[in-house]
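There are 2 protein chains.
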Amino acid sequence: MDDTGASLQATMSAMGREAREGAKALRLATPETRTKAIRAMAEAIRADAAAILAANARDIEAAKANGLSGPMLDRLMLDEGRLKGVADGVAAVADIPDPLGVETARWTRPNGLDIARVRTPIGVIAIIYESRPNVTADAAALCIRSGNAAILRGGSECLQSNLAIHAAVVKGLEAAGLPASCVQAVRTADRAAVGMILAGLDHNIDLIIPRGGKSLVARVQAEARAPVLGHLEGLCHTFVHSAADPQKAVAITVNAKMRRVSICGATETLLVDSAAADKLLPPIAEALKAAGCELRGDEASRAIYPMEAATEADWTCEYLAPIIAVAVVDGVEGAAAHIARYGSGHTDCIVTEDPAAAERFIALVDSAIVLVNASTQFADGGEFGFGAEIGIATDKLHARGPVGAEQLTTFKYVVRGTGQTRP
Amino acid sequence: MDDTGASLQATMSAMGREAREGAKALRLATPETRTKAIRAMAEAIRADAAAILAANARDIEAAKANGLSGPMLDRLMLDEGRLKGVADGVAAVADIPDPLGVETARWTRPNGLDIARVRTPIGVIAIIYESRPNVTADAAALCIRSGNAAILRGGSECLQSNLAIHAAVVKGLEAAGLPASCVQAVRTADRAAVGMILAGLDHNIDLIIPRGGKSLVARVQAEARAPVLGHLEGLCHTFVHSAADPQKAVAITVNAKMRRVSICGATETLLVDSAAADKLLPPIAEALKAAGCELRGDEASRAIYPMEAATEADWTCEYLAPIIAVAVVDGVEGAAAHIARYGSGHTDCIVTEDPAAAERFIALVDSAIVLVNASTQFADGGEFGFGAEIGIATDKLHARGPVGAEQLTTFKYVVRGTGQTRP
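Order-wise, the sequence lines are chains A and B. The first sequence begins at 1 in the working numbering and counts up by one. The second sequence begins at 1 in the working numbering and counts up by one.
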C-alpha cells in the first residue's frame with residue numbers, strides 16, 4: 001500500500017470507529033431527539049438549496065465533460081423542484097412511527113420469567129450507492145429513524161452534490177444535539193474506499209446495503225465481509241389468468257410495464273393463460289403497442305398476435321426498457337413454474353376474478369411480493385406506507401420486499417425475573 | 001477432482017436438486033400433514049430404538065478405537081433413556097404452534113390495496129453439526145415444522161447413529177405422505193461434502209446453520225456462499241449491581257456459572273459493582289468456591305477476596321469449565337463498557353432491585369438476550385417456550401437469540417387489489 005493508500009486506510013478506519021460511537025449515541029437518543037434531527041435535516045436541505053444546487057452544477061459539468069448524457073445525466077441532475085422533493089422525503093421520514101423500543105412479542109413463562117422481544121437498532125450501516133443524490137438524504141433519514149449510524153459512499157459522479165447534502169444532514173444532527181459521527185460520508189472518489197468498507201472497517205460495520213446496478217450489487221455480495229442486504233434485480237411477471245377481467249388485465253399490464261420502465265417493479269414478462277389467451281392477449285398486446293411497447297413472444301403468443309420471436313434470453317432479461325416478453329402458459333401451475341424457473345423472487349402478479357386461482361398463485365409463487373389484481377409497479381416502500389425505502393430486498397433472510405426504517409432494525413430479548421435459577 | 005470426488009459431487013448436486021423438490025412439497029403441505037410427519041418421526045425413533053442403539057454402539061466402538069474419551073465420548077453416547085429424550089423432543093415440536101401462513105401484519109392503503117405480511121418457509125436449510133446425535137432428530141423436526149427441506153451433515157464420529165435416526169425420520173415423512181427429499185442426510189464421512197454444501201449446491205441451499213465448536217462455525221462463516229445463521233460463542237456476564245439482593249446474587253451467580261459449565265449460556269465473567277463489592281463479592285465468591293469453581297480476579301477483586309490473578313486473556317475466554325473471571329466495575333456504565341469490549345453479544349444479566357438501573361442496563365447492553373434477576377442459563381429455546389432450538393444466534397440479522405421453528409421462516413407480502421394501477 002502506498003502512502004495515499006495508507007492514509008485512506010487510516011481515514012476509513014477512523015470513520016469506522018467514529019461510526020461505532022455514533023451508533024452508541026443513537027442507541028441512547030430518545031425518539032423525540034431522532035425526530036427532531038430528521039426534521040432539522042429537511043430544513044437544512046431547504047436552507048442550503050443554493051449551495052447544494054451549485055455543487056450539483058459542478059457534478060453535472062464534470063459529468064458532461066466525461067461524456068455522460070441522456071438518462072444517466074438526468075438521474076444525476078437536481079433542480080429546485082427535485083431538491084424540494086428530497087427535503088419533503090426527509091420530512092416524511094420524521095412522521096413514520098418510531099420503530100425502536102416496540103415490543104413485537106411479550107409473554108410470561110410458567111416460572112414467572114417475563115420475556116419481551118424489543119426492536120433495537122442494528123448498529124452501523126454502510127450504504128454504497130450510485131447516481132441519484134437523493135439517496136444521501138433518504139439513507140441518512142431512514143438510518144436516524146431506525147437508530148443506526150450510517151456510512152455513506154455515493155457514486156463519484158455525484159460526489160459534490162452528495163457532500164453538499166451531507167453537510168445539511170450534519171447540521172440537522174447537530175441541531176438535535178447528536179454527533180456528526182451518526183452520519184458520515186466518504187469524502188473521496190477513490191474506489192479503494194469501497195473495498196475498505198466491504199472489508200468491514202475492523203468489524204465496525206454491521207450491515208452493508210448496496211443500491212445501484214447489477215454489477216455493484218454483485219460485487220458487494222461477492223466481496224463483503226459483513227452481512228449484505230441487497231437486491232440483484234426485479235424480473236417481475238404479470239400473469240393474466242383465464243378468469244381475468246379483460247379490462248383490468250389491459251389496465252394492469254400496461255401500467256405494470258409502461259408507467260416507468262426503468263424501475264425494479266416494472267413487469268418484464270407477460271404470462272397469459274392458454275385457456276383464454278385467444279381472447280385475452282390481443283387487447284393487451286394492442287394496448288401495449290399503442291403505448292409504445294415492443295412485444296417479443298413465444299410460438300403460442302405469436303400464433304395469436306403478431307410480434308417478434310422471443311429467445312431464451314428474453315425470459316431472464318430485466319429490460320428496464322419499453323420491451324415485454326410474452327409467453328402462453330397452462331394455468332396457475334404453468335405460470336408458477338415459469339416464474340420459479342426465470343423469476344428473481346421480487347414481485348409477481350396474477351390478474352383473475354377467481355379467488356381460488358389467486359390463493360393457489362399466492363401459495364405457489366415464492367416472491368417477496370405477490371400481487372392479485374394490481375400493478376407490479378406498487379412494489380415500493382412509499383406505496384406500502386413505509387414512508388421511504390432504501391431498496392427492495394430479494395434475499396429471504398432478515399428483510400424481504402421494501403426496506404424501510406422498521407426493516408433496518410433488529411431486536412433483543414429482555415427477560416425480567418425475580419431471582420429465578422434454572423433447575 | 002478424481003473419480004471419487006466427481007462421484008461425490010454428483011451425489012451432492014443431486015441432493016441439492018432433490019431438496020428443492022422437497023421444499024416445494026413442504027410449501028404446499030398443510031400444517032396437519034407436517035404435524036403428522038413429526039409425530040410419526042417420534043414414533044419411528046421409538047420403534048427403531050434397537051437399530052439406533054446398535055448403530056450408536058458401532059460409532060462408540062470406532063470412537064474409542066480412535067482414542068476418544070471422557071466428555072467427547074459421552075456427548076456421542078445414546079442409551080435408552082437418552083433416546084427416549086430424543087423422541088420426546090421431536091414429539092414436543094409437533095405441539096409447537098405452526099408458524100407458517102401466520103399474518104404478522106395486515107393493513108389497507110388509501111387506494112384500497114390490502115397488504116398482508118405472511119410467514120413462509122425459507123426453502124432449503126443445510127445444517128452442519130458435530131457430535132450429539134439428537135441434533136439429527138431436532139433439526140429434522142424443526143425444519144418440517146417450519147416447512148423447510150433439510151440437508152443434514154453430522155459429524156463423522158456419529159455417522160452410523162445419525163443415519164439410523166435419519167432412517168426413522170424418513171419413515172415419519174413417508175407415513176404423512178411427504179417425500180424423503182424433505183430431509184436428506186449426507187451418507188459419507190468424506191469432509192469434501194462439507195465444502196460442497198458451503199459452495200451452495202448450485203444455489204439449492206437458502207441457509208446454512210453450523211452447530212458445533214468455534215472452528216466449525218468460523219469455517220462455515222468464512223467459506224459459505226449462502227447465508228449463514230450461526231453463533232460463534234457465548235461469553236456471558238453476570239453483573240451484580242450495588243442495589244442487588246445479596247441472596248439472589250449468590251443464587252443466580254452460582255446457577256449461571258455452575259449448573260452446567262459446558263453450555264453457551266453459562267456465565268464466564270462476574271462483574272461486581274464497586275459501590276458495594278466489599279459487601280457483595282465475598283458471599284458470592286465463597287459459594288462459587290464451595291461449588292467447586294476456580295476464581296480469577298482483577299486487582300480490585302483480589303483486594304476483597306483471595307483468588308488467582310486474571311490476565312487480559314481471561315476476559316475473552318469462553319471457559320466452558322468451572323472457572324470464572326471476576327472484575328470490579330463502576331456501576332451500570334462500567335459493566336456495560338466491559339461487556340461491550342469483551343462480550344460476544346449472546347446473553348448478559350444484571351442483578352439489582354433498582355428498576356432504573358435495570359432499564360439502563362437493558363438500554364446499554366446490545367446482546368441477543370438481556371436478563372434482569374435471572375440466571376444466564378435460561379438462554380435456551382426450550383426455556384423461552386420455543387419447544388426446541390437449533391442454536392442461539394448472535395448475529396444481528398434475521399434471527400437473534402434462540403432459533404426455533406418461527407426463526408426458520410421468512411415472509412412474503414401478499415397484496416390483494418381490485419384492479420389498481422399506480423398513478
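One or more of the hints may lead you astray.
Any copy will do: because identical chains look the same in the list, a pair fits if it lies in one copy or spans two.
[What the hints assert, rightly or not] Cross-link-like lysine-lysine pairs, in silico, DSBU-like; alpha carbons within 35 angstroms at most:
(1) K214 - K24
(2) K64 - K24
(3) K248 - K24
(4) K279 - K24
(5) K279 - K171
(6) K248 - K64
(7) K24 - K171
(8) K171 - K248
(9) K279 - K64
(10) K279 - K36
(11) K64 - K214
(12) K214 - K84
(13) K289 - K171
Hints in this document: simulated from the structure, not taken from any laboratory.
(request) Could you place K214 and K84 in one of the four classes (within, between, both, neither) given a Cα distance threshold of 35 angstroms? (result) Cα proximity of K214 and K84: one copy only (29 angstroms, versus 52 angstroms across).
(request) Using 35 angstroms as the alpha carbon limit, work out where K279 and K171 are close: within a copy, between copies, both or neither. (result) Neither. Shortest intra-copy (60 angstroms) and inter-copy (49 angstroms) distances fail the 35 angstroms Cα cut-off.
(request) At 35 angstroms max between alpha carbons, let me know whether K279 reaches K64 within a copy, between copies, both or neither. (result) Neither way: K279 and K64 sit 49 angstroms apart in one copy and 74 angstroms across, limit 35 angstroms.
(request) Give the relationship of K64 and K214 under a CA distance limit of 35 angstroms: within one copy only, between copies only, both, or neither. (result) Cα proximity of K64 and K214: one copy only (24 angstroms, versus 53 angstroms across).
(message) Cα distance capped at 35 angstroms. Does K289 pair with K171 within a copy, between copies, both, or neither?
(response) Classified as neither: same-chain Cα gap 50 angstroms, cross-chain 56 angstroms, threshold 35 angstroms.
(request) Can you give me the call for K279 and K36, within, between, both or neither, at a CA distance of at most 35 angstroms? (result) This pair counts as neither: shortest intra-copy Cα distance 57 angstroms, inter-copy 45 angstroms.
(request) Classify it for me, K24 with K171: is the Cα-Cα distance of at most 35 angstroms met within a copy, between copies, both or neither? (result) Classified as within: same-chain Cα gap 19 angstroms, cross-chain 52 angstroms, threshold 35 angstroms.
(request) Indicate which option fits the pair K279, K24 if close means a Cα-Cα distance not exceeding 35 angstroms: within, between, both or neither. (result) So K279 and K24 pass the 35 angstroms test across copies only (32 angstroms; inside, 62 angstroms).
(request) Check K214 against K24 for me: Cα-Cα at most 35 angstroms, and say if that holds within a copy, between copies, both or neither. (result) both (33 angstroms within a copy, 28 angstroms between copies)
(message) Please sort K64 with K24 into within, between, both or neither, judging by C-alpha distance up to 35 angstroms.
(response) Close neither inside one copy (42 angstroms) nor across copies (51 angstroms); limit 35 angstroms.
(request) Classify it for me, K248 with K24: is the Cα-Cα distance of at most 35 angstroms met within a copy, between copies, both or neither? (result) Close across copies (31 angstroms), not inside one copy (51 angstroms); limit 35 angstroms.
(message) For K248 and K64, with the copy left unspecified, which applies at a CA distance of at most 35 angstroms: within, between, both, or neither?
(response) For K248 and K64, neither the intra-copy (43 angstroms) nor the inter-copy (71 angstroms) Cα distance is at most 35 angstroms.
Taken one by one, the earlier hints fail for this structure at numbers 2, 5, 6, 8, 9, 10 and 13, listed in ascending order.
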